[in-house]
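Generate coordinates for the entire structure from the input sequences, incorporating the hints supplied.
For the protein sequence lines, the chains are Y and H, in the order given. For the first sequence, the working numbering begins at 1066 and goes up steadily by one. For the second sequence, the working numbering begins at 1066 and goes up steadily by one.
What the hints contain is simulated information worked out from the structure, not anything from laboratory work. Keep in mind that the hints are not guaranteed to be accurate.
Identical chains share a label here; the pair holds if one copy fits it or two copies do between them.
Stated by the list, open to error - Below, in silico cross-link-like pairs of lysine-lysine (DSS-like), each with a Cα-Cα straight-line distance of 25 angstroms or less:
hint	residue 1	residue 2
1	Lys1245	Lys1215
2	Lys1271	Lys1153
3	Lys1317	Lys1211
4	Lys1211	Lys1068
Bear in mind the structure is a predicted one, so any value in this text is a computation, not a measurement.
Number of protein chains: 2
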Amino acid sequence: MEKPLILVTNDDGITAPGIRALVEVAQELGEVVIVAPDAPQSGMGHAITISGPIRLHPNERVFEGMESYECSGTPVDCVKLAKHVVLKDRAPAICLSGINHGSNASINIIYSGTLSAAMEASLEGIPSIGFSLLDYSHDADFESCKPYVKQLIEWVLENGLDEGSLLNVNIPALPYEQIKGMRVCRQADARWIEEFTEAEDPRGQKYYWLTGRFSNDDNANDTDIWALENDYIAVVPSMHDLTNYRALKTLKQVETI
Amino acid sequence: MEKPLILVTNDDGITAPGIRALVEVAQELGEVVIVAPDAPQSGMGHAITISGPIRLHPNERVFEGMESYECSGTPVDCVKLAKHVVLKDRAPAICLSGINHGSNASINIIYSGTLSAAMEASLEGIPSIGFSLLDYSHDADFESCKPYVKQLIEWVLENGLDEGSLLNVNIPALPYEQIKGMRVCRQADARWIEEFTEAEDPRGQKYYWLTGRFSNDDNANDTDIWALENDYIAVVPSMHDLTNYRALKTLKQVETI
Chain Y
1066 MEKPLILVTN DDGITAPGIR ALVEVAQELG EVVIVAPDAP QSGMGHAITI SGPIRLHPNE
1126 RVFEGMESYE CSGTPVDCVK LAKHVVLKDR APAICLSGIN HGSNASINII YSGTLSAAME
1186 ASLEGIPSIG FSLLDYSHDA DFESCKPYVK QLIEWVLENG LDEGSLLNVN IPALPYEQIK
1246 GMRVCRQADA RWIEEFTEAE DPRGQKYYWL TGRFSNDDNA NDTDIWALEN DYIAVVPSMH
1306 DLTNYRALKT LKQVETI
Chain H
1066 MEKPLILVTN DDGITAPGIR ALVEVAQELG EVVIVAPDAP QSGMGHAITI SGPIRLHPNE
1126 RVFEGMESYE CSGTPVDCVK LAKHVVLKDR APAICLSGIN HGSNASINII YSGTLSAAME
1186 ASLEGIPSIG FSLLDYSHDA DFESCKPYVK QLIEWVLENG LDEGSLLNVN IPALPYEQIK
1246 GMRVCRQADA RWIEEFTEAE DPRGQKYYWL TGRFSNDDNA NDTDIWALEN DYIAVVPSMH
1306 DLTNYRALKT LKQVETI
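Following this line, the structure appears as structure tokens:
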């Protein structure tokens, strides 16, 4: 059987340890092509570069002997360039994004470059998974989760995903034997409580720097946050149709104002 | 009765004609505060600035005599700064974003800074509306749609929206008398067919520039694209919960692999 073509990207940049771990797993399962940002692109959400040029350079130093490219654009740009410039007629069987350094559970999905890249792939008809480990540090331990990451990729390669669907996978930062398994769940209704640090730059000009804390009041046991707090890997099926179908009826009266 | 507090932002930047038209309508309905990007931020999606400082300056030249600020960040940054730095304890009754120069119908919502700003406001518990006119030109005619924009804002001020909900409103570029009314609809399942222009910069280095064409194969008559093609204003209720609830059941078997 021909080896499946696997596209790998991320938002922490091509040199991040997280993408290296993902590539190592992917290599065991298929032919890997990497198109990743040439610099960190965290928090870029679904941004695309439309008002300026994008650079794309082969870089086989980072992943020796593999087909890999670094891109000056956002994670979503990487997927678009991968599809239309790098791969062209070679259709990837799956797109993997990550492994992100830090959580993309709950509402984080909408800010996340990692997950937006996966969503862009799903728009292109490519089944996709965004992986995140709940450890923001550069030297996080990505080894423990590898068997789970591999199982999930194998499952999707075999079974596919609903059209337009992607998986948002968050992994607790625990040794392998302490991870209890995988839970399929919904996105918790949690949010960020923002705070802005206000300070002056060296020239005496005021600036703001975004910070904040994550706050979850959604205590049901079918959410990604619950799964993570209970030492499970959280697997959330996500999608790009943002229509609030429940609200369609209520709003109907707008048609007559 | 006290006048409602109305927060206005956009993604085309504080000097764009579209935000001026929206402010003119909003002024008739309440007390307006403007926090908008100091430069165009189209295609920024839900990007936030986390790895660098953000500037925020009062600018009362563009909107004389009004409380207005220009911000160096993304549209989502503008909403966060508006809420936490500018307004603080003053709770806006509504957030309006736009009027965007160009369509944000269908899948465009996920790339759009205009709609991401509205979505961020909805996350903060503020009812919000993103407006877009189907005319990309700088000197588009924003007068024709003003009566509809006003009616819709009034309706939301009076009736509110479901929690976490926002409206994605797209307006055909037609004279007032040719607009047939408003249709409440779902997001059409359409997409972009990307193309990249490949060229060399003045130094002989290759670059890519994203372009493409919008493609819709979703021909049902309950979509935003249908409404717009039939001279209606399309009103789509949207939300930030990206969970694909239908896929939860199919995926359940992942828990046992």
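Original post:
What hints, given by number in increasing order, does this structure fail?
Top reply: none
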